[in-house]
Every structure is written in C-alpha cells, then in structure tokens.
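If you're matching them up, the sequences are chains D and E in order.
Just so we're aligned, residue 0 is where the first sequence starts under numbering that gives the first Met the number 0, counting upward by one.
Just so we're aligned, residue 0 is where the second sequence starts under numbering that gives the first Met the number 0, counting upward by one.
Check each hint, because a few of them may be wrong.
Simulated restraints, written as ranges between beta carbons of each label pair [to be verified]: (1) D:Asn49 x E:Arg189: 57 to 63 Å; (2) E:Leu20 x D:Ser1: 58 to 64 Å; (3) E:Arg287 x D:Lys34: 56 to 62 Å; (4) D:Arg58 x E:Arg206: 56 to 62 Å; (5) D:Lys34 x E:Arg102: 44 to 50 Å.
Since the hints were derived computationally from the structure, they do not count as laboratory data.
As the structure is a computational prediction, the values presented were derived from the model and not from experiment.
For each residue, glycine too, the CB sits at the ideal point set by N, CA and C.
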Amino acid sequence: MSPRNAARIAYLILIYGFLYLPILVLIVYSFNDAKYSLEWRGMTWAWYRNLFDDPDLLRAALNSVLIAALSATVATGIGALAAVALYRYEFFGKPLLQSLIFVLMMTPDIVMGIALLILFASLSLPLGFWTLLLAHITFNIPFVVVTVSSRISGFDRHLLEAAQDLGATEFQTVRRIVLPLLMPAVAAGWLLSFTLSMDDVMVSFFVTGPTFEILPLRIYSMVRLGVTPEINALCTIMLGVTLILILIAQLLLREKT
Amino acid sequence: MRRKAQGHPVPMRIREPFKLLAVGAIYFWLTAFALLPNLLVVIASVLERGSDEFVAFAFTLDSYRRLLDPLYLGVLLDSLGLAAATTALCLLLGYPFAYLLTRMPVRWRPVLLLLVIIPFWTSSLVRTYAMVILLQTNGWLNQILLGLGLIAEPLELLYTEPAVIAGMLYALLPFMILPLYAALEKLDRRLIEAARDLGAGWITIFRRIILPLTLPGVVAGCMLTFLPGLGMFYVADLLGGAKTMLVGNLIRDQFLSARDWPFGAAASVLLTGLMGLLLWAYYLSSRRAGRGALP
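Here chain D stands alone, though its shape is the one from the complex (with noise of 0.2 Å):
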C-alpha cells in the first residue's frame, strides 16, 4: 500500500472511530458489573433487569412504540400516494406542494414543534395522544415521500401504459402495478418513519403532555440527572432496535427493480 492510500484510509477510520467510539463505549458499559466505576468488573444483566422492572418505564416504551407504528403507518399511506400523485400526474401548484415537501424536511424540529404546539394550543386540543400522533405523521411524511419517490423515478412508464391500453382503470393500475414494484420503498418508508418517530425529542417535547409520556423524553429526564448504568442499558436497546430497523430499510431499498 502507497503512503498515501495509509493516509486516506487512517484518515477514514479516524472518522469512522469518532462516529462508533462513544456508542461502542455506552454499549460496553450498559453490561458492566459496577455502578460508578469505569473499571471492567465483569458482565452483568442486571441494568437490563431493572428497566424491566420499572412500570412507568414500561408503559412509555408501549406508548412509543405505539405512535411510531401509527405515524408510519399513516404517514406511509401519505406519503406513497403523494409519491405516486407527483409522478403520475400534473396538478395545480404542483411545484408548491414539491417545494413545501423539501421545506418541511428541512424545517429545524424545534420551529416545527412550536408551530404545532401554536396550532393545537389555538384549537384548544390536550396535549397528549392525539396531538403527539398528528405531530409524528407531519414530521414523517416527506421522508416517506422522498424514498418512494427515489424508488419511481427508476419505473418503466411502458408497464403503465400496457396496463392501461389493457383496459386498466387507474386505481388498478395502481393496485396491481406500481404498489407491488413500490413495495420495498414503501416498505422502507414505514420502517425509516418508525425509527425518526421512536427517536424523536425536540417535536415531541412541545407537543405532548404529562398523560402521555414517551420514551425519549423519559430517557432526556433520566439524563438530564446524570450518568447511570441503567439509562446505558435503556440507550442501547434504543440503538439496537433502530440499527435493526435500518439495515432491514436499507436492504430493501438496496433491491433492485
């Protein structure tokens, strides 16, 4: 190897150890039989445990889980229509809603929040399921947009139109044709959506109340007390589960049509 590839490739694991060291440490600790010491005492279970223990805990993680699945899910059915409606059809200020897709994703997720909380606080809406549901869907759907769209922009217009010139209606064609070769980008959609919505502080801090607690803000008031072995345990499951979520994301994407 010439000096100078040593140098790019240190270089590149320079980067890529300052991205996982600090996970890699979290995750090595969350197992570590020591309470306040960083010295290696050997392996425990016990971190784990004890988040099993704990019902509030519990009962936030359901309630995570819970809006995820249904943000996705909605945002998911949006988002793979808008999709579809971008590339399929001309429709009045389509250039608008295309820019307002980009702009929303772009938006910081603390303007985001406070609009929201605005929005809700101005129709007198509780703060609490609901309006944490309907905050999710908004923050998923351009990214559902954005990854279906880049799976149709590679589609074969003739399949369409041999679908039609069959006698297809619209909504068959869509049912039959472009919903099965866009199932892996949906797919993806839903599971990308799931994760940016289990994940997510900034929005939800603003738009939910003290009935309906999640797990980030759970684990941003934990953290907010100082280091412990068990918020470890808690972080890395929370790693675990959206590192999962991504690899299945990014081999479906990976697919070809």
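Please build the complex by placing chain E on the supplied structure of chain D, with the hints as guidance.
Below, chain E alone, put in the same frame as chain D:
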C-alpha cells in the same frame, strides 16, 4: 381537462377519484399541519403577551425589538457562533471524508456508506448522552489522557463550550457527510482529468471545478448542520450545563417557563428566516452548478 403529452387515450374520468384522493390527502395535511401552524407562529409573534391567555390580540413589534435587547442579542450571537463553529468543523472534517469515500473501491462503498447512514438515523439524544459518558470528569477521555501522562489531574471537560461543540459535531457530522457524498459521487471524473491534462494544479482543480460543482451539497450540508446547531437545546443542557444557552433553549424557555409565547414565536420566525436564506443560497448554487455541468 388536460392530458399528458405522451398520454394514451384513456378517458380521464376514471382517473379522477384516485387522483383526487392522492393529491387531496397531501394537500390537506401540509396545509393543516405545516402552512397553517407556521402562519400562526408569525401571527403570534406580532401579538402582545397575554395575562391568562397565552397571547393578547393587540398588534405590536415588541417581541422583535426585544430580540435586539443586549441580553438576548448576546444569547443569539453566542448561539450563532457555536452553530457556525460546529458547521465549519463538520465541513472541514466531512468534505475530505466524503471525497475519500467516493474514491474507495466500488465493492466497499455500500458498506462504508451504511456506516455513515446508521448514525444519521440513530437518536441524537442517545448519541449526545454517549458523549457525556466520554467527557465526564472520571470518563474515558480523562482516563486516557491521564494514562498517557499528558495531564496531571482530570480536566473539567463537561459543561464547557468546547463540550457543546463536540456534542453537536458528533450529532451532526453524518448530516454533513451524506449530502456532500451525494454531490461528490455525481461529479464527472472526466472534468478533473481534462483539467489535469490542460496543466491545472490540484488547488485550481478544486477551486474551479470540484467546489463549484459540489456547492449545492456543501450548502445542503451546512443547512442540515447549522439550523439544528441553533436549536438542539438538549445538547446545551447535557453538555453545556446552565452556562451555555442556544436559541433553542431560549425558545423552549419562553414556551415552558417564561410563558412568553410571542417572544418565543419571534425567535422562531428568526430561525425560519435563516432557513429561508439558506434555502435561497441552495437554490442559487444548484442553478449555477447545473449550468456548469456537461450535458
């Protein structure tokens, strides 16, 4: 009724219900939950603070004037400085990294890219917390520095501005790398070879070819790091303690403790304005890069 140029003579009528559903759903959602809320923020920002309601319905520009109050202006400038430093570091570290990724053997690239995508999607709160563990007084970094004999006693790394920058850098670096990679991957290598054949040095090639053509990626990356860098209040809370305040902390406090919604809304309008500027820069740079590219 319009028909697409290459469309087949299928009666448009049967298309209508499905089209109406697909277009209507997204239109409704974005109007109700994106346009309307942001309009309400702008309205709230020019209203007076209410005593029992959150806002009182009287027009005033007072909230914007208060953003220029030395106290808040200081927070604003500090926060802009931190976000700018983070963005600059992300760009400095991310650009060569993204470039090297595009020069790696094709069979390795998917895996290497996946290793950037994974942190992109993982919770930035969890990753910020990982940074806390690393920087604690009795944490890893201090142990390593002590072990190497570089320092005599543990440093106070947490609750400093560098800690906040490190945390934001850690949370946001993938958001810089991915758009840069996308832009660099599209770069036509033949342009570089042609320039080299014509005798251009590396600096000229970078300045005249690579940078202008990847500028949209640079602007997109800066937007994705700079704006969150202003807003991520939990990074400031966990790594900066009470000493560091970002625009995000300021806005949050107006809505949660100070109960001054018009002021919080005005600060948020300011962020939206910054986003508008960056989006405009993105639009300009992609138009320029598009014009410069080979057909």
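Quiz item: Honestly, which of those hints from before does the structure not fit?
Solution: none
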